[in-house]
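So the chains spell out like this:
Number of protein chains: 4
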Amino acid sequence: MDKKLPVAILGATGLVGQRLTELLANHPWFEISALAASDNSVGKKYSDAANWHLPSALPDSIRSMIVQPCEPRFDAAMIFSALPSEVAGEIEENFANAGYMVSSNASNHRMDVDVPLVIPEVNSDHLDLIRVQQARRKSAKRGAIICNPNCSTIHLVLALKPLADQFGLKRVMVTTMQALSGAGYPGVAALDTLDNVMPYIKGEEPKLETEPCKLLGKLEDDRIVDAKIRISAACNRVTTRDGHLETVSVELEQKSNLDQIRQSMIQFTSVPQALKLPTAPDHPIIVRDEPDRPQPYLDRDVEKGMASVVGRLRECSVLDYKFVVLGHNTIRGAAGGTLLNAELLVAKNFI
Amino acid sequence: MDKKLPVAILGATGLVGQRLTELLANHPWFEISALAASDNSVGKKYSDAANWHLPSALPDSIRSMIVQPCEPRFDAAMIFSALPSEVAGEIEENFANAGYMVSSNASNHRMDVDVPLVIPEVNSDHLDLIRVQQARRKSAKRGAIICNPNCSTIHLVLALKPLADQFGLKRVMVTTMQALSGAGYPGVAALDTLDNVMPYIKGEEPKLETEPCKLLGKLEDDRIVDAKIRISAACNRVTTRDGHLETVSVELEQKSNLDQIRQSMIQFTSVPQALKLPTAPDHPIIVRDEPDRPQPYLDRDVEKGMASVVGRLRECSVLDYKFVVLGHNTIRGAAGGTLLNAELLVAKNFI
Amino acid sequence: MDKKLPVAILGATGLVGQRLTELLANHPWFEISALAASDNSVGKKYSDAANWHLPSALPDSIRSMIVQPCEPRFDAAMIFSALPSEVAGEIEENFANAGYMVSSNASNHRMDVDVPLVIPEVNSDHLDLIRVQQARRKSAKRGAIICNPNCSTIHLVLALKPLADQFGLKRVMVTTMQALSGAGYPGVAALDTLDNVMPYIKGEEPKLETEPCKLLGKLEDDRIVDAKIRISAACNRVTTRDGHLETVSVELEQKSNLDQIRQSMIQFTSVPQALKLPTAPDHPIIVRDEPDRPQPYLDRDVEKGMASVVGRLRECSVLDYKFVVLGHNTIRGAAGGTLLNAELLVAKNFI
Amino acid sequence: MDKKLPVAILGATGLVGQRLTELLANHPWFEISALAASDNSVGKKYSDAANWHLPSALPDSIRSMIVQPCEPRFDAAMIFSALPSEVAGEIEENFANAGYMVSSNASNHRMDVDVPLVIPEVNSDHLDLIRVQQARRKSAKRGAIICNPNCSTIHLVLALKPLADQFGLKRVMVTTMQALSGAGYPGVAALDTLDNVMPYIKGEEPKLETEPCKLLGKLEDDRIVDAKIRISAACNRVTTRDGHLETVSVELEQKSNLDQIRQSMIQFTSVPQALKLPTAPDHPIIVRDEPDRPQPYLDRDVEKGMASVVGRLRECSVLDYKFVVLGHNTIRGAAGGTLLNAELLVAKNFI
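Chains as they are written, first to last, in the working numbering: chain A, 1 to 351; chain B, 1 to 351; chain C, 1 to 351; chain D, 1 to 351.
Hints were generated in silico from the structure; no laboratory data involved.
Errors might be hidden in some of the hints.
Stated by the list, open to error - Below are the PhoX-like pairs computed for lysine-lysine, each with C-alpha atoms no more than 20 Å apart in a straight line: (1) C:Lys276 with C:Lys3; (2) A:Lys218 with A:Lys207; (3) A:Lys304 with D:Lys255; (4) C:Lys276 with B:Lys304; (5) C:Lys4 with C:Lys276; (6) B:Lys276 with B:Lys304.
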């Protein structure tokens, strides 16, 4: 790539926006041309507007950028949306209608029939839904919205993908232990989390029970036919900073054995690896054989936070097999996933 | 009861032993006649030997008791064992053989065919296995061992009992988020738990998958016929002090509806309530209807830590229903459970 | 007391308001006649308006009370104010002007020259400032405002009081490690406190450096002459739920020795103990001799949270002596302190 | 340097040993030739013997090294000692006597009159004490021991050094809030630290009150004349993983003003910066002007954990000035400090 593509970040001051800014600060393909956020940040220097929560230091060139309003007037080849769902729906449509390609982390449009919901290792072919979206939403010119799934969904589906491909998936039970950063900032009150677990995350379980079926579904003609998988989720908030941990049990269509399951995960590689996308992990699934891994503190940052880490693979006496999966929720589960989607769009010439 | 029964505590200096001491310090039926522990505590004042971890204050009469060796020479009508499993097996047998009734919290003898594994609300009739045990182990005189189940098992089975009785249980999936006190003291290293979850607790899952089948089994002639329930468990250690939280999904034999399930739990009452045992909770199962309860910090101490608190009762798309259950792990899940077993023994004239 | 006095709580839904409600739910002298809070709580049942954060259960009679606006129209002999400082100043004046006696936890009027700032064990005679206040503020009828000091100040000054009396105080250095509940709810964001310490609490250090001088000052004629003590404070927020811990070094006017210092604290008793006020601790200062006490988790609830716990008393190579003091910040440091002030008002016939 | 110098690590399996191994794995001057530890690790692969607690991955070449006994038979130009103090004293002497240069993190020999206690930015000239040590301890050949101070001392003294040089230091009060990793692994029990602060760290305060006087002392003839500074320390353990936070008040000999104090710290640079030692931070003292910094989570890793971060510089009403200092306790405060000492030894031709 001769020249870096200019990109803008919507919702740049929030936790996911900060992660995106961090990841894009030294990206080989993209360079930040605009940082945008809500009215009370507009006009401020980014370093003043963002209550920076990451230990890393930002380049001065970015720290001193003036925060812009979220209006579709940017010199940008790609828009990253880290907006909260209260406002993301309409703003993202405005950008798409104005001809921008929007890679979104928000939940609003994920289940729209003409919006690709994409994990590049799982369903990169769903990007063709962009043509449908552009045809249907006449005003869109070359603009479109593509979505990143929920932070817990991404790591669940990454771990399930090789099983779905090789053995067929029938039923999945998952209990999550999700990190604080998933609730943004200020997010969870310290008094709710010290010496405590919150056994409920508003709106989370339905996402985890439906998004995987779209992700593992098939693009037929101009629509996604959802995978026929029954999923039951129980979502909890625990006292970790980053890294969602999930206990998973699966029922397969074709009987297999533990070693085959394990091998299917270890050997799993896909489009982003083949295309050598800059943010793609070498190994999208890491399998640990120690009895007490993965652990959030020790394993969330492997492959720069872009892999899912599987452990404790064993038989399940109710369904067929069970395991634990861990993944970084604000990197691969949000900012990094959105970025990988954008890299895929470039590599596939949607930009 | 005219005069209090003298009782001794084995393993009195550990966390569960401390809870037992606390619960027995003002008990209407029992009074502590001896505190026993391992060699490095023997001969010390109890307050010096026990690294006391509870905010409550002990009576001076107990603080100044001299710790005894775990040898069957006590003036005691009942022995409470809070011994670690490394030594409990043989010591408890020694006491039973010497004619003492031992109410144990240790795992060693739980699955012995002639040892009753008892939750008084669930299977008080299993106490009759004591006759079998005494007959089989000739030397036992009037002594015997009865066991308390694992701390996670107790709360799971308390919540399952009304479902098993009224609807029949086929399959159960459970993921636990267990408190630090379950590992004793010093137990878990702070560095392993700060900003982390341990997805593994050694030996815990097999207990949770087998003990409920014995507890919900039927005493036929002189043996327990295990309930035919398939259980799959995933056990995790989280950063709470007390209170094990469990997400549970169940498959029932007879189809039911959410309201019937809920009512069966709310209305559940059993032998300890009918006998008005001193440590029995008024309501062994508390059902909370708020979306975000039970929480360990807020709910573990309800009914003085002797109840199981159920919440988030809802349908499960993989099995039939799912819910969350929370219970205090060192009170009902250990010391309080052992004490309630002892009260049941007295009320049923086994002492 | 033949009949309980009706009392109202302003700011009843916040953390301190909840503690007050809890303490007043079964009080021998007072009964709650009204619970008041801000507009978005008015008209709701108390149990719906307050996000109840305490493990204890409330009586149904209080749970079902309808929250009132903070207007001086209550049938109440005493008003407790747990209002935030943003609104407390004016509302408390409105009540005082309307003839109510207001026992306040807010900081607004603490340093007013005609408002008694009181710790009953320290300066109960300052209550006579009420006559000055009533004379000066003509409209006050029998109403007045009396204040409770800052939560860290209370425990610092309780520990300093016997030293000031017996040895004279010249200089004090204090570093606090304050609990999360001091910031209210939602208060501190979990992400700011997990694996972190906040070395700054807005507005806290000036309070800790000035309030003790008024508290330890002398009422002369119609004004308080501040004690001449130089105090330097460094305030930090740590990850405890309740219990402010403070390291303190003092310089005394008369040289002493460690045993005299220790005895002065152990033997300290004062007006509330003499008057047997219902909420008064038997021992306002507890001295622990173990090297590693007091600890917030183990010691904050001693004397029902109404005592200050001192430990690690030793010589200081820069000033004269140093020690650690711990106290419950929302009980004695706030709600319980406000209540003890109200009991003192009753006992001294100001009501 | 043409060829890397072979080095050995004693106590390589502990927390500080792991940090040393990590820092040395890709060092430009040194390469690890041996990893040594106690008997129960000897003969095992390093990755099996060390319960690896750092998120970073080690090179396979190091993971597979076989752990050696701590006997002076290594092919090594430098010995790093991360031994616990129970055994460090004698083992380090054995190595020094056998002709090895030992850069130690242990406390045993720190206050020996002929052992240099060194922070390279503070007292690099004290290295000349090595000649004294070698002359006095005849058997030492070219071997010697040099020591790194206590983890809290290092950051305190780094921050104090420019003040001592420019304004003279008379008295220092310091309260520490120290991280869990300072106690090693398993170290602090989780139950002691959850919702708690430990107001005592065994043996820590005397180190903090004496080591700075040696560090800031003057080498005269063949001995160190201690600086005449009175220091009072109060040490606490809080629930952070890494990063000791300290509140500090100082009394100076020459009166100054806040801006001069601030400038002296910002502009401070010393021998390691001039010599461009590989592990030296560009800025040994970072000054933050925000009111709420430094914070352990956000600031401990600045300059790769090798700097001290100062904030909240302000006047003190008891002494002259006060501030907060934070530093990484296992990097600059231990492993990194020991490594920087070793680099200084090389640069100064002691190797």
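The hints, checked one at a time:
At roughly 18 Å between alpha-carbon atoms, lysine 276 of chain C and lysine 3 of chain C fall within 20 Å of each other, so this suggested pair holds. Using a Cα cut-off of 20 Å, the hinted pair lysine 218 of chain A and lysine 207 of chain A holds, with the two alpha carbons roughly 19 Å apart. This hinted pair does not check out: lysine 304 of chain A and lysine 255 of chain D have alpha carbons roughly 50 Å apart, beyond 20 Å. The straight-line distance between the Cα atoms of lysine 276 of chain C and lysine 304 of chain B is roughly 30 Å, outside the 20 Å bound, and the hint therefore fails.
Using a Cα cut-off of 20 Å, the hinted pair lysine 4 of chain C and lysine 276 of chain C holds, with the two alpha carbons roughly 17 Å apart. About 15 Å separates the Cα atoms of lysine 276 of chain B and lysine 304 of chain B, which keeps this hinted pair within 20 Å; it holds.
The structure is inconsistent with the numbered hints 3 and 4, although it conforms to all the rest.
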